[in-house]
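2 protein chains.
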Amino acid sequence: MRQVVVSAPGVVKLFGEHAVVYGKPAIAMAINKRLRVAALPRSDGHVKIIARDLKAMGLIINVAGNGEIAIETEYGMAMNAISYVRTAIEVAKKYLREPRGVELDISSDMPVGAGLGTSAAVAVASIKAYASAFGYHLTNDEVASLAHEVEKTVQGAASPMDSTVSALGGIHIITLQDRSRLSMGPLPLVVGYVDRESTTKDLVNNVKELRARYPALIGSIMDAIGEAVLLARNALESNDLATVAELMNINQGLLESLGVSTGRINSLIYAARRAGALGAKLSGAGGGGIVIALAPEAVKEVKIAMEIAGGHSFPVEKDDEGARVDEG
Amino acid sequence: MRQVVVSAPGVVKLFGEHAVVYGKPAIAMAINKRLRVAALPRSDGHVKIIARDLKAMGLIINVAGNGEIAIETEYGMAMNAISYVRTAIEVAKKYLREPRGVELDISSDMPVGAGLGTSAAVAVASIKAYASAFGYHLTNDEVASLAHEVEKTVQGAASPMDSTVSALGGIHIITLQDRSRLSMGPLPLVVGYVDRESTTKDLVNNVKELRARYPALIGSIMDAIGEAVLLARNALESNDLATVAELMNINQGLLESLGVSTGRINSLIYAARRAGALGAKLSGAGGGGIVIALAPEAVKEVKIAMEIAGGHSFPVEKDDEGARVDEG
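Sequences listed follow chains A and B, in order. First residue of the first sequence: 931, per this note's numbering; consecutive thereafter. First residue of the second sequence: 931, per this note's numbering; consecutive thereafter.
It is worth saying that the hints were derived from the structure and are not from the lab. The beta-carbon is built from N, C-alpha and C at its ideal position, and this holds for glycine as well. Heads up, a few of these hints could be off.
Stated by the list, open to error - One-sided excerpt, in silico: chain B residues whose CB lies under 7 Å from chain A:
#	residue
1	971
2	975
3	979
4	980
5	981
6	1106
7	1108
8	1145
9	1150
10	1151
11	1154
12	1157
13	1187
14	1196
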């Protein structure tokens, strides 16, 4: 019975978005922005969640067919994160057969709900924090599996990508069946963020419908994305950043062809390229959200360019460490 | 021995750019903007070319590896058109065994050298005008072959796409071996134009190098473009403009993945889409040049949006007539 603080890194998707739904591999990286969960056991059996310091970002604006506009506020994003925490505690309690109460205080270096894998990170950190607070040691592999279970419970379906990468750190290539950690040097990226205009669910459905209408065409595009991912894996493991960047640009065009890019994403991407980025692409489901740029020689310039183009922007690095106990 | 005026339509590429180089089909359309050649036989055997009214457009700026900047001026574009006229007259003289002199006066509804097939149109119109001035009747099929010969002579290598479509009018699907005219209703497009930053030759070479580096990946992208072209052919022949537009957007993403799009092209494309275009893509080799938007319900709005985004813009329609004698 002690207070512990556990942190888990955010995640950026590097390659393979959307195609991963159709069995292609994808690559994602843990970043040096962390979400922290402080856990203090309670004697009364209650679970209390404090999220004073949870910066939420990203308005989802949904315009329905009849013109009705629904806005999911930043408050909604934070509430959404809370549902991952609650489910994580349920899952951890059951796995550990430890039904005691806990007070959790959550804070984050990065915006929540923006597409940086914070749902997974909050699940990962909550599970590990709960376990550590009661003296249990869970391996990060165990935490990854449990966090994936949390995501599936909350969302209905979920790729294990974010939970794996947040729990284990580093860069991973992941298929529906398998995962493997890539060994490579630093990978400095600049992240840009614009408000999302569509939800992940809608974007995944749109691609599904596109594929149903044009099976051969979209099949070839998925094949191309799969090939880009495998080439990117080799380039990453050879630290060949010029090739990584070129493949980012190719992958971006393929995402554009799936209809998941937007004008604002494109503005950030071309601003980044003009400012010296070797490669830039959307990261995640698209429809707004995260843009990543690879600009080893021009981090500052690219950050400024993306901000002038209307995005929030910050540099990130690969974090080889996954979830960890920081205190306690 | 009489003055004749012959006109030939400009051409927009609808689908399949770049992939056509690797054996995939492509689709192009004759537009209701014409290039005119007035031909008057001369008794002295000389060929005189007047091009007072030839609006040239499009600066090509080439930045070499060593930072050297070469600018090909609008004057150069007009001069380039003139070399097609001269070669066309040589080819026509030889084919007709008619070595007499002629005065040619060239004018155009559309900018020359912008990517609207004006090189082909000027060859087509010059050949047909020369023949008509001396009382010969050439079929438009004959003119198409001769004009293709002109393009090959001037450029070294050339697709028969522009010469075929300008000579015959309408919409054609063309492969390296074959061509076929599509039968369909009107197809109202809005054309946008931005200055070119790269030459066609450089863009074709860049794609060739990309394909040499990533044969399977670029092969899949070429396959996807080929599939988009065949789907587009069916959609065009069914007058299913919504599908045509969707395939334009997919084809644009695939061109983006080949690295031939630019930030300015993207600005025009997204401006057009926001203004109500169902589909928009670059048309031709890319690196700037022509953007086409399909916006049956919002022609004016899309034209204005593309101008605000920094392009020149005008609406065009399909022209089912190819080269024709307008006077004489």
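Hint by hint, here is what the structure shows:
Checking residue 971 (chain B) against chain A: minimum C-beta separation of about 52 Å lies over 7 Å; hint violated. At its closest, the beta carbon of residue 975 (chain B) sits 54 Å from a beta carbon of chain A; the interface hint therefore is violated under the 7 Å criterion. For residue 979 (chain B), the shortest C-beta to C-beta distance to chain A is roughly 41 Å, which exceeds 7 Å, and the interface hint is violated. Among the interface hints, the one on residue 980 (chain B) is violated; its C-beta lies about 42 Å from the nearest C-beta in chain A, farther than the 7 Å criterion.
A cut of 7 Å between beta carbons decides the hint on residue 981 (chain B): the least distance to chain A is about 36 Å, and the hint is violated. The interface hint given for residue 1106 (chain B) is broken, as the beta carbon of that residue sits about 20 Å from the closest beta carbon of chain A, more than 7 Å. A least Cβ separation of about 21 Å between residue 1108 (chain B) and chain A goes past the 7 Å threshold, and the interface hint is therefore violated. Taken as an interface hint, residue 1145 (chain B) does not check out: its beta carbon lies about 10 Å from the nearest beta carbon of chain A, beyond 7 Å.
The criterion of a C-beta within 7 Å of any C-beta in chain A is met by residue 1150 (chain B), whose closest approach is roughly 4 Å, and the hint holds. Checking residue 1151 (chain B) against chain A by beta carbon gives a least distance of about 5 Å; that is within 7 Å, so the hint holds. With its C-beta approaching chain A no nearer than about 4 Å, residue 1154 (chain B) sits inside the 7 Å limit, and its interface hint holds. At its closest, the beta carbon of residue 1157 (chain B) sits 4 Å from a beta carbon of chain A; the interface hint therefore holds under the 7 Å criterion.
Satisfaction of the interface hint for residue 1187 (chain B) is found here, the shortest Cβ-Cβ separation to chain A being roughly 3 Å, below the 7 Å cut-off. With a cut of 7 Å, the hint placing residue 1196 (chain B) at the interface with chain A holds, because the nearest CB-to-CB distance is about 5 Å.
When held up to the earlier numbered hints, the structure conflicts with 1, 2, 3, 4, 5, 6, 7, 8 and fits the remainder.
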